[in-house]
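Chains as they are written, first to last, in our numbering: chain A, 349 to 620; chain B, 17 to 436.
Among the hints, erroneous ones may be present.
What the hints assert, rightly or not - Below, in silico cross-link-like pairs of lysine-lysine (BS3-like), each with a Cα-Cα straight-line distance of 30 Å or less: (1) B:K172 x A:K611; (2) B:K362 x A:K459; (3) B:K211 x A:K459; (4) B:K215 x A:K459; (5) A:K352 x B:K22; (6) A:K352 x B:K172; (7) B:K215 x A:K388.
The hints are simulated quantities; they were obtained by calculation from the structure and are not laboratory data.
Keep in mind that this is a model prediction, so the values were computed, not measured.
Here is what each chain is made of, one letter per residue.
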Amino acid sequence: MEHKIVIEAGTGSRQYWIDIIRFRELFYFLAWRDVLVRYKQTVVGVAWAVIRPLLMMIVFSVVFGQLAKLPSDGIPYPILVFAALLPWQFFASALSESSNSLVGNANLVSKIYFPRLVLPTSSVIVAFVDFVISFSILLGLMTWYGFYPTARIFCLPLFIGLAFIAALGPGLLVAALNVRFRDFRYVIPFVVQMGLYVSPVGFQSSVVPEKWRLLYSMNPMVGVIDGFRWAICGNTELYLPGFLLSLSFVAIMLIAGLAFFRKTERTFADVI
Amino acid sequence: MTVRIKTDGLAKSYRIKHASKATRFSEQLMRFAKNPIAALRGTKETSEEFWAVRDVSFEITDGEVIGVIGRNGAGKSTLLKLLSRITDPTRGRIELNGRVASLLEVGTGFHPELTGRENIFLNGAILGMSRAEIRRKFDEIVDFAEIDRFLDTPVKRYSSGMYVRLAFAVAAHLEPEILIVDEVLAVGDAQFQKKCIGKMNSVAEGGRTVLFVSHQMGAVSQLCTRCLYMKSGELVADGETQEIIETYLSDGTGETRVLNRSRKDAGSTTPVWIKNLSTRNEASQPISSFAHDEKIVMEMDFESTAPVLPRGLAISICLQDTLNRRVFTDYRIVDRLIATDPYHIKIALPEGIIAPGNYSFIVSLHTFQSEVFDRLERVCEFSVVDNGTRMSMFRAGDTGCLLADCEWSLPESIVKKEAA
Chain A
349 MEHKIVIEAG TGSRQYWIDI IRFRELFYFL AWRDVLVRYK QTVVGVAWAV IRPLLMMIVF
409 SVVFGQLAKL PSDGIPYPIL VFAALLPWQF FASALSESSN SLVGNANLVS KIYFPRLVLP
469 TSSVIVAFVD FVISFSILLG LMTWYGFYPT ARIFCLPLFI GLAFIAALGP GLLVAALNVR
529 FRDFRYVIPF VVQMGLYVSP VGFQSSVVPE KWRLLYSMNP MVGVIDGFRW AICGNTELYL
589 PGFLLSLSFV AIMLIAGLAF FRKTERTFAD VI
Chain B
17 MTVRIKTDGL AKSYRIKHAS KATRFSEQLM RFAKNPIAAL RGTKETSEEF WAVRDVSFEI
77 TDGEVIGVIG RNGAGKSTLL KLLSRITDPT RGRIELNGRV ASLLEVGTGF HPELTGRENI
137 FLNGAILGMS RAEIRRKFDE IVDFAEIDRF LDTPVKRYSS GMYVRLAFAV AAHLEPEILI
197 VDEVLAVGDA QFQKKCIGKM NSVAEGGRTV LFVSHQMGAV SQLCTRCLYM KSGELVADGE
257 TQEIIETYLS DGTGETRVLN RSRKDAGSTT PVWIKNLSTR NEASQPISSF AHDEKIVMEM
317 DFESTAPVLP RGLAISICLQ DTLNRRVFTD YRIVDRLIAT DPYHIKIALP EGIIAPGNYS
377 FIVSLHTFQS EVFDRLERVC EFSVVDNGTR MSMFRAGDTG CLLADCEWSL PESIVKKEAA
């Protein structure tokens, strides 16, 4: 028989990863559902994905660029801000979507079998759709300022992937924790709010004093944002030790998140 | 014949915590702070192990339709959850041979904001259908659910009937080798239920294995060839449907259904009074739930203080339903009472004519001069359970209190010949 499954106490299914491939359609459909539902019954609809980052960009440009007069190395401040706002918004919404994905779909978890990993990963897709839409603002800004990117822009997909992993690691961890401890529902919005100011969104990370720079890079988003600025703005250089440190923290978070998720996954239906 | 499902010593335990329940992170931290060693060891003073399913072993082959019956909390739903891989067993082993689709709830994963069309695709994917499969069956599903006019309306605006119909329609068009269904026929109107039973029958005829949990014995006996009877987590009986249903029904609730009275209850001046009353089965066990084709016997003891009653005594019983509609009355006259010993009488109700439902009796000792010695109303409540009557598919409607097998003469040209 092609579909032979043996379940033994304590071991679960041995074909977890095969199952994930088998359930890829569910992945598409859940992502599709979340995208469809996202802006239902709103007046301006998808425009929200443009309006929010646009307003934020204006505020940040005024506060950090005009009032605080932080250096921009000759790059138009709005572009500088937006190159960071893009990955930050993506990270923030991917993290909150994925950490709420299990609890938000509790009825599915308790009534249907599928590899639970499908839920947090598919919920990141919604954030990605918003990301693509708001990317158009960046193109608009670049045309407006007559600022054209270098060949480095082709590295951007790499950093998008990095942002995806940076969000997924803690996302998985928190999603699994959320099943048992609903406290994390309140923790995540707070982390996201604070992270916006802690991460180099409104300013360049070169503003941070040299001796603190490495410590500052422990924030995984520092690496991602620096990477985005490096690819889009072109003239800033990557602070390599910091970038590598960010990278390794991203990797550690992903491994930890995945391990914890897999370990607790089998009890989700009982606890949720 | 291939074995589709095989379980071996299957068991599932849950930990029930009492009083000190620490599900909040802060509480766990607090406990850790108070007593780090105990918290690390995982010592929980007030938790108790509860076995929802224990040592269940069975084998199911191709094309079998199995009913799982048992009272609430017997572990039926947990068993289905284990088989559909939603939760992991604590002990034991399951072997599944083929694609499994489980329908533990109607409309799992329906999103209220999405339209009927969108939900068909979403729900299909959730139940394990591929996109191509859903597309192929789309028209059939819409047809079955009878919602074609509302296909592009968000399901949150659907009536609850439409919602359920759509949800069942999607599930009914699944084509797994093993279908697991939990009590979903309890929804929808009579006509739709009939359609669902028909659909389930055809699924089974297609050689697929169906596992079906229900409290409706009528549906179970219509659909299933074999039954599993669960009782407090254990599989107590496994065999041919009718036999198992009978075991289940006669396995009384534990409390004896015998009404005992003392002299005082009847009023101390009365010369005759009812001492006790009970409904029993053929084997004279006091039970309160009967299959529709089972013999129902009322047994009564009455006592008399006066040896002779001048005008004769009438003993009458009247059967009434829950709306106090009277189904029938019957009586006998007693001419003389000889001793002061209790008299024991048995009244056997006609077999197989009382329709499934809940009933009670009015029992009275009186004379025809309307002198009432003792009278009890709404006593000996009992229920008649559908064990596969012709009416079982109209469960939702009121079909009356009697099962009347009328003689019909129909022109042969308009009747489909019964397949042998």
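- Among all the numbered hints in the text so far, which are the ones the structure does not match? 1, 2, 6 and 7
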